[in-house]
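> What follows is each chain in one-letter form.
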Amino acid sequence: MKYLENRKYVIQGIFLMVGIVFAIRLFYIQVVDSSYKQAAETNAIKPIIQYPFRGLIYDRNGKLLVQNTPVYDLMVVPKDVKNLDTLRLAELVKLPLEDVRERLKKARSFSYVQPSPFYQKLSTQEFAYIQNNLIDFPGFYINARTARGYPHQSLGHALGYIAEISPRQLEDSTYNGYRPGDYIGKAGIELEYEKYLMGQRGVKYKMVNVRGVEKGSFREGAFDTLAVAGENLVSTIDLDLQAYGEYLMNGAKGSIVAIEPATGEVLAYVSAPFYDPNLFTGKDYGKNYMELLQDSNKTMFNRPIMADQNPPGSIFKLTQALIALEEGAINPNTTYACNKSLVNCHDHPSPLNLYGAVQHSCNPYFYQAYKALINQGKSPNTFTDTAIGLKEWREKVLSFGFGQQLGIDIPGEKKGIVASTDLYDRVYGKNRWKYSTIYSLSIGQGELGVTPLQMANFMAIIANRGHYFTPHIIRSVGEDGKPLKEYQEKHYAAVSPQHFEPIIAGMSEVVRAGTGRRANLDKVGIEVCGKTGTAQNPQGPDHAVFVAFAPRDNPKIAIAVYVEHGKWGGQSAAPIAGLMIEQYLTDTVTIKQQEKWVLSREYLNIKSK
Amino acid sequence: MEKVLGQTLSSTTRSRRSSGFLAPHLDWVTVLLYFLLVALGWMNIYAAVYSPDNVINIFSMDINSGKQLAWIGASLLLIIVLMVVDYKVYEHLAYPIYGFIILLLLVTLVVAKPIAGSRSWLDLGGGIRLQPAELAKFATALAASKFLGSINLRQQNFKDQMILAAITFVPPVIIILQNETGSALVFAAFILAYFREGMSPLILIIGGSAAAIFILTLLVPKLYLIAGITILMALATWMDYRLLRRFKVMIALWGVVVAMIFSVDFFVNDVLQPHQQNRIKALINPEADPLGYGWNVTQSKIAIGSGGFWGKGFLEGTQTKFDFVPEQSTDFIFCTIGEEHGWIGSTVLIALFMVLLVRIVSIAERQKSVFARTYGYCVASIIFFHFLVNVGMTIGLAPVVGIPLPFFSYGGSSLWSFTILLFILLAIDANRAKDLAR
Ligand SMILES: [Zn+2]
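First to last, the protein sequences are chains A and B.
Be aware that the first sequence starts at 1, since it is given in the UniProt record's numbering, and climbs by one per residue.
Be aware that the second sequence starts at 1, since it is given in the UniProt record's numbering, and climbs by one per residue.
Note that these hints are calculated values from the structure, not bench results.
Certain hints may be false.
Partner residues aside, some chain B positions facing chain A, computed with beta carbon under 10 Å [to be verified]:
hint : residue
1    : M61
2    : G198
3    : L202
4    : A234
5    : A236
6    : W238
7    : M239
8    : I304
9    : I350
10   : S362
11   : F387
12   : I395
Label-pair ranges, simulated between beta-carbon atoms [as the list claims (entries may be wrong)]:
hint : chain 1 : residue 1 : chain 2 : residue 2 : range
13   : A       : G202      : B       : P201      : 47 to 53 Å
14   : A       : V32       : B       : L223      : 27 to 33 Å
15   : B       : H92       : A       : T174      : 46 to 52 Å
16   : A       : E220      : B       : W28       : 50 to 56 Å
17   : A       : E5        : B       : S209      : 22 to 28 Å
18   : B       : A234      : A       : E5        : 34 to 40 Å
19   : A       : G202      : B       : A188      : 58 to 64 Å
20   : A       : V32       : B       : P114      : 56 to 62 Å
21   : B       : L109      : A       : Q488      : 45 to 51 Å
22   : B       : L109      : A       : A229      : 44 to 50 Å
23   : A       : K195      : B       : P274      : 37 to 43 Å
24   : B       : N157      : A       : E5        : 17 to 23 Å
All C-beta atoms in this analysis are idealised placements derived from N, C-alpha and C, irrespective of residue type, glycine included.
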């Protein structure tokens, strides 16, 4: 037994022997033989990131909306800075000495070993001058990359912008693969389509010696990957129409949204006041951005999709009429008297049938029609009956895309407001409200909020006689140019196609002989169907609305124009819509007197009633 | 006080469940060594994935160090479970556990989808994968120990020897079929444990010589090797009269060695699959497979060699970054230590392993049952074999075999497998006083 126990010494001896052999071998490799150290000197491998070109964006006619322009950043690695002549550096970059010191301090506090930008976005001349002198400034180098550029001044709100990735995003695992200093879409299309636009970074491995001097590519580039350029996008925007819309809205506040009804493609997307997207590309990006963010006109407010607190006004009478027809509460020949004791109205022939009521926008007519729709007598209790009616009405309203995000491919879309039984129960208490409480809904006032995008989409629904495609601003991604699948699906409004004709006939009358005459294009043979509206504004002059589509048969464009403080849709918004329609359909503008009227801004001075 | 406590404890636990935590004899030196190795491993895993251009927090779950920390946390739970479970189950259930693992190995062989040519990963769903080959080590150690406890190896009963050989070599055969040759080789380590229990030293000598001849055949040209061995054997025969009397035996032995040299040559060039050939050839001539394993060895030696005496400092390494060696934080983790901590750091690590191994042997020796002692030796042998091959490969003394450095390398399966292996021994050891009292 004892001799077996002694075998533990043999086993422990084997262990220790191997340990000693390893230690000796390591001593030989690490201390005695210096060839490995020399090999390491020429063998350090430095990965050099190859930045891909960000995808370009074209308009629907192939005009360039967004391009790339080269910019140069002066970078610094504090660890490598040696014998720095601060004074000479200040002369080189033409900055005050104090500023240079401040920038160096900032770079050091960011990281001692990592490169950080010392001076960003040098012009080509600055780049050439600094590059020539950089040899005397170890630790500094020029990093070339591309910035966004725009060969026009339009569409800032929809395009969005790119900027350096934020520290917060870097910590978020959704942004895996991004590195400090990378640029990333922050708003608009740039944000929404980031994953397509960004492309794929490549990397080149270079052999460098201990002094960081490149010794050629590593293993003949066997491990290198090429940068893959981002996908190009084709937008649905018509740049000429867009620019014209901005021209018409210059100096005003509001929105224009134009949609192609057959596809849901957004043709124009104006948010006024607007800004030149080039403001966000230069050296002064930060300053410009803050100024726009803080200005009193709320320039950065993306009105077409975010202004959802304003009631639609009279244009909503169309919605009410469609639903009332669908429910059988009225028919096209139903007539009501213009009973001004119910709700105020202006002077016009009375009584009217549905066509006339739409043409003259008769408030008492819709008061009575909406009452017939809401109080159908489904319950003997008038309170319960109103609640039932409102609930069913609300569902139909939602089917028109109101009260919910339509899903446009621009981030930040708001839902809007559609009155609900819950809302009134909260405010008045259950069974404490009836038709007389909610009647202002009948004429598009009260607990309603609609974005300009939803208004334009509503016009597309009428133009299509009952359906719409999700409005979108990008038609296709990449080379093949095929329309995106997610925008091919038809959404149906809960109103049958036959009920649209009477409404459309009334809308045609509005433009031919009613409140929307300033949008009339009979002269060039285009039958425009439209409706004016006024959104009451307790803070100042009312907002003006005009919605339209044209031509009446086989419509090509649906449009919503919203002019803040424009008072009457017929005066301010209607001519803009008419001009936009003519520009889009014929590429010229013949109704010059309307253009002159719009640009004069005289309607802003018309005294209120 | 301690004595009183021990007595009350053993008297209360004897009637009920016996557990490691309640026992006063947990070997804290080993526990400390375990945590030291695991913590050092974790820091070096971070160093291996660290890039100064893109610093990621050591705790980030996006990189290996963060994941390893999660696995270390899971290991702590594992340790608690192993300590709370009645230590006797390891002996009682040795065969069922072994049978279950064999079954698992076979199932894996059938259902596993190949990952890098190997069919050894069992997908448990939810992104969790298990490598049963890792678990086979402790299961085989338990079964072999239990079997040895029931027989007397010195009696040279042929049937017993065959059963022991079967217990030892069935798992590696299945593992080889799974294309995990590295893990299979580990089972050769059991020979050390059997040697302690009375196996003829001849097997150890023959095995060791065979391995030596195998590696020498690769390193030295055939003719030189045969000439050298001939001269060595002739000298020995001439110097020792006892050998001279067995002249015929010596001639036969010479013949066997020469045959073996030729068969190794044949084996490497004609039997092994190309990727296995490359691993072995890389040992002789790293340039022979510049893009693959040879390159790994060259890079690994450059990394370690450039570390010098003191090393470049934590996270300051330049050679072990950028993931050029795909197994940088798993099988080649030793490079990072060699580069960043130099000869001093490497030697300290080697010393830590030596202390651990010697400690495990002494733990094994103080066990009262053959089962417990054999199991202890199995643990030491398995850890030793991993250490030998893993470090040997990075410094060019062993072929490139993809097995991890115990407690150190990145990877959940391997960390858990070594944790189970070691802490079963510690649980048994902590309760040894009770066996005495029985
Ligand atoms: Zn009226």
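> Against this structure, judge whether each hint is valid.
Against the structure, the hints come out as follows:
1. With a cut of 10 Å, the hint placing M61 (chain B) at the interface with chain A holds, because the nearest CB-to-CB distance is about 8 Å.
2. With 10 Å as the threshold, the beta carbon of G198 (chain B) comes within range of chain A, its nearest partner Cβ sitting at about 6 Å, so the hint holds.
3. The beta carbon of L202 (chain B) comes no nearer than 14 Å to any beta carbon in chain A, farther than 10 Å, and the hint placing it at the interface is violated.
4. Taking 10 Å as the C-beta cut-off, the interface hint given for A234 (chain B) is violated, the closest approach to chain A being about 27 Å.
5. With a least beta-carbon distance of about 21 Å to chain A, the hint placing A236 (chain B) at the interface is violated under the 10 Å criterion.
6. Look at W238 (chain B): its Cβ only gets to about 28 Å from chain A, farther than 10 Å, so that hint breaks.
7. Interface restraint check for M239 (chain B): the shortest CB-CB distance to chain A comes to about 24 Å, outside 10 Å, so the restraint is violated.
8. Evaluation of the I304 (chain B) hint against chain A yields a held restraint, the C-beta minimum of about 6 Å falling below 10 Å.
9. Because the closest C-beta pair between I350 (chain B) and chain A is about 5 Å apart, less than 10 Å, the hint holds.
10. Given hint, S362 (chain B) at the interface with chain A, holds; its Cβ is 8 Å from that chain's nearest Cβ, closer than 10 Å.
11. Proximity of F387 (chain B) to chain A holds as hinted, the smallest CB-CB distance being about 8 Å (cut-off 10 Å).
12. This hint holds: I395 (chain B) has a C-beta 5 Å from the nearest C-beta of chain A, less than the 10 Å allowed.
13. Checked against the hint of 47 to 53 Å, the pair G202 (chain A) and P201 (chain B) fails, with Cβ atoms roughly 60 Å apart.
14. Between V32 (chain A) and L223 (chain B) the CB atoms are about 30 Å apart, so this pair conforms to the stated range of 27 to 33 Å.
15. Hint check: H92 (chain B) to T174 (chain A), Cβ distance near 51 Å, so the stated range 46 to 52 Å holds.
16. At about 55 Å, the beta-carbon gap between E220 (chain A) and W28 (chain B) stays in the expected band of 50 to 56 Å.
17. At about 25 Å, the CB distance of E5 (chain A) to S209 (chain B) agrees with the hint of 22 to 28 Å.
18. Roughly 37 Å separates the CB atoms of A234 (chain B) and E5 (chain A), a value that falls within the hinted 34 to 40 Å.
19. At roughly 46 Å, the beta-carbon separation of G202 (chain A) and A188 (chain B) lies outside the given 58 to 64 Å, and the hint is violated.
20. Taking the beta carbon of each, V32 (chain A) and P114 (chain B) are about 44 Å apart, not inside 56 to 62 Å as hinted.
21. For L109 (chain B) and Q488 (chain A), the hinted distance range of 45 to 51 Å is satisfied, since their beta carbons lie about 48 Å from each other.
22. Remark: the range hint 44 to 50 Å for L109 (chain B) to A229 (chain A) is upheld by a beta-carbon distance near 46 Å.
23. At roughly 40 Å, the beta-carbon separation of K195 (chain A) and P274 (chain B) lies within the given 37 to 43 Å, and the hint holds.
24. Between N157 (chain B) and E5 (chain A) the C-beta distance comes to about 22 Å, which sits within the given range of 17 to 23 Å.
In summary, the structure is inconsistent with hints 3, 4, 5, 6, 7, 13, 19, 20 from the numbered list given earlier, while agreeing with the others.
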